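Peer 1: Could you fit the two chains together into a complex? Lean on the hints.
The listed protein sequences derive, respectively, from chains W and H. Adding 424 to a residue's 1-based position in the first sequence gives its number in this note's numbering. Adding 43 to a residue's 1-based position in the second sequence gives its number in this note's numbering.
Because the hints were derived from the structure by calculation, they are not lab data. None of the values given here were measured: they were computed from a predicted structure. Here a beta-carbon is modelled for each residue, glycine too, at the ideal position from N, C-alpha and C. There's no promise every hint is true.
[Claimed, not checked] Not everything, but these chain W residues come out facing chain H in the computed CB check (under 8 Å): (1) G467; (2) L468; (3) K473; (4) K482; (5) E512.
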Amino acid sequence: AQSVTQLGSHVSVSEGALVLLRCNYSSSVPPYLFWYVQYPNQGLQLLLKYTSAATLVKGINGFEAEFKKSETSFHLTKPSAHMSDAAEYFCAVSSGSARQLTFGSGTQLTVLP
Amino acid sequence: DTAVSQTPKYLVTQMGNDKSIKCEQNLGHDTMYWYKQDSKKFLKIMFSYNNKELIINETVPNRFSPKSPDKAHLNLHINSLELGDSAVYFCASRGLGGRQETQYFGPGTRLLVL
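Here chain H stands alone, though its shape is the one from the complex (with noise of 0.2 Å):
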């Protein structure tokens, strides 16, 4: 059983095209994220949910709409796709308590805007 889930794994659309991407988490976590992988590599975070409430968005355009029908499920909404938008994206999730810090990755969507 994968702890975390997206989908779909890879994503070819048109520029001005609007899309989803969907993550979804058994690991009875309060807490998950989206992260943006650069064409360098480079990993920054865009959101974090806890127990649905949005409570981190990291300077991310207004197109970016993050959405949490339940504790187990973050999915990522985008508006209007640019060729910059263009990236890995990852969820991940984090359990509550000290020592819970490890955050668990689903496998990325990687995204492509022509």
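Bound conformation, chain W alone (with noise of 0.2 Å):
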């Protein structure tokens, strides 16, 4: 079965500073994999997916993720902080007959004027 660990489930940068969102997946199978977020009483809005074709992943926003096969991790970085980058972010990957996803348990990311 698959699953997703997200390291950190709240995460504080400052504004202009480095995001790194850490993500760790488990499949049996080549994966597909996820970055979502959500707004405060928002949906779910896609960020960025990785299908088997680059590694590095580029999203909305200014994100990108790389898939390591090796390390079997998907972490989603943005090279600087804007306040309104404060958000739930999830990590999940796609797997069984109707491509459900198995989402990371979320991180809450804090950005500091």
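Peer 2: Put into structure tokens, the structure is as follows:
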């Protein structure tokens, strides 16, 4: 069975600093991996996805993630944090006959002025 | 135009009541899902339908009954509501095809059972 682990339920960074949100996965088959962002009282918005093409994936709002098979990781980064990046971030893996998503427990990103 | 819409956005009700949540997608997708987000923000799959047929039921109590009148709609009916059903329920849809892996989520329905 697939699983996703997000290290750090809360991450705080200063505005302008590097954002690094960690995600490790467990999958018996080549995975499809996703990062979603959830702003308060809103739905989930796709940031980026890995579907076995390029290992470095660029997404919206300046975010990117690198798929590392040897480390079973798919960490999310952004070179310079903005106040508007404050939100909950979810890593997910797609699996099963319905390609349903298995989510990590989420990381709350706080951006300090 | 909203790709995946849900109604209502908020739902406050008493224990024991029956309620329904509606979901519609205008993306032409064949597969739709219901996810539950609990108070700790953990997201878990509940159901999946492909072209009106149930393909996943993830150990959800029988009080929850999804219904798909057509492939653009997936509704969720909940009988005899319990306090533990309080959560945010998200509908999502996905197209078919190897590269069509992205699930698009609705805005969520915030259910509070008193």
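Peer 1: If a hint holds in the structure, say so; if it does not, say that too.
Peer 2: Structure-based check of each hint:
1. The beta carbon of W/G467 comes within 4 Å of a beta carbon in chain H, closer than 8 Å, and the hint placing it at the interface holds.
2. Of the supplied interface hints, the one on W/L468 holds, with its beta-carbon coming within about 4 Å of a beta-carbon of chain H, less than 8 Å.
3. The restraint placing W/K473 at the interface with chain H holds, with a minimum CB-CB distance near 6 Å, inside the 8 Å limit.
4. With a least beta-carbon distance of about 15 Å to chain H, the hint placing W/K482 at the interface is violated under the 8 Å criterion.
5. Given the 8 Å rule on beta carbons, the hint for W/E512 holds: about 6 Å separates it from the nearest Cβ of chain H.
Comparing the model with each numbered hint stated earlier shows that hint 4 is the single one that does not hold.
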